Amino acid sequence: MLNEKFLEVMAHEGVVTIISSSQEAPGFHAVNTWNSYVHIQGDTLYIPAAGMHSIQEDMAANDELLLTMGSKEVVGTVGPGAGFHVRGRGYFVDSGAIYDKMYAEMPFLTRVLAVKVADVQQKI
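With this note's numbering, the residue at position 39 of the sequence shown is 39, and numbering never jumps.
Derived by calculation from the structure, the hints in this document are not laboratory data.
This one's a predicted model, so the numbers in the text were calculated from it and none came from an experiment.
We put the CB at the ideal spot given by N, CA and C, even for glycine.
Don't take every hint at face value.
Stated by the list, open to error - Here are the simulated distance ranges between beta carbons:
id: 1; residue 1: 8; residue 2: 32; range: 17 to 25 Å
id: 2; residue 1: 26; residue 2: 1; range: 25 to 33 Å
id: 3; residue 1: 63; residue 2: 35; range: 17 to 25 Å
id: 4; residue 1: 101; residue 2: 27; range: 29 to 37 Å
id: 5; residue 1: 60; residue 2: 4; range: 29 to 37 Å
What the hints assert, rightly or not - Below 20 Å or equal to it, Euclidean Cα-Cα: the simulated PhoX-like pairs (lysine-lysine) are:
id: 6; residue 1: 116; residue 2: 101
id: 7; residue 1: 5; residue 2: 72
id: 8; residue 1: 116; residue 2: 5
id: 9; residue 1: 123; residue 2: 72
id: 10; residue 1: 123; residue 2: 5
Can you build the whole structure from these sequences, using the hints too?
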């Protein structure tokens, strides 16, 4: 599911946007982080969270997330720059091995957003 091109994009710096929504909070909420902050294990993305309060509130009612990420350093479908849409279900982690590992690298985090990937689509 997380193919070589996706992993190549994630090995370069770029912006990751995390988008959530719920009926309780109409509309969408979006937060950003960096490709280099995302840890990948199997089909799960682990993202440091310092804020993300609107995302967490939405996830109480709807744990489905859309993420976008890309890098201009990777050749895409029409030339320089490759980007992806990732859909998955999220949950927050505030203890355990992945939390401890990421906290050691990024002590600003208060918890880790885990996204179990359901679908990946290359858009550019």
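A quick look at each hint next to the structure:
1. Judged by the Cβ atoms, the range 17 to 25 Å given for residue 8 and residue 32 holds: they are separated by roughly 21 Å.
2. Taking 25 to 33 Å as the suggested C-beta distance range, the pair residue 26 and residue 1 conforms, at roughly 31 Å.
3. Take residue 63 and residue 35: their Cβ atoms lie about 23 Å apart, and the range 17 to 25 Å holds.
4. Range check, residue 101 to residue 27: about 34 Å between beta-carbon atoms, so the 29 to 37 Å window is met.
5. In this structure, residue 60 and residue 4 meet the distance hint of 29 to 37 Å, their C-beta atoms being roughly 35 Å apart.
6. For the suggested pair residue 116 and residue 101, the alpha carbons sit about 18 Å apart, so the restraint of at most 20 Å is met.
7. For the given pair, residue 5 sits about 13 Å from residue 72 by alpha-carbon distance, which is consistent with the 20 Å threshold.
8. Restraint check for residue 116 and residue 5: satisfied, since their Cα atoms lie roughly 19 Å apart, inside the 20 Å limit.
9. For the given pair, residue 123 sits about 13 Å from residue 72 by alpha-carbon distance, which is consistent with the 20 Å threshold.
10. Between residue 123 and residue 5 the alpha-carbon distance is near 12 Å, which keeps this suggested pair within the 20 Å criterion.
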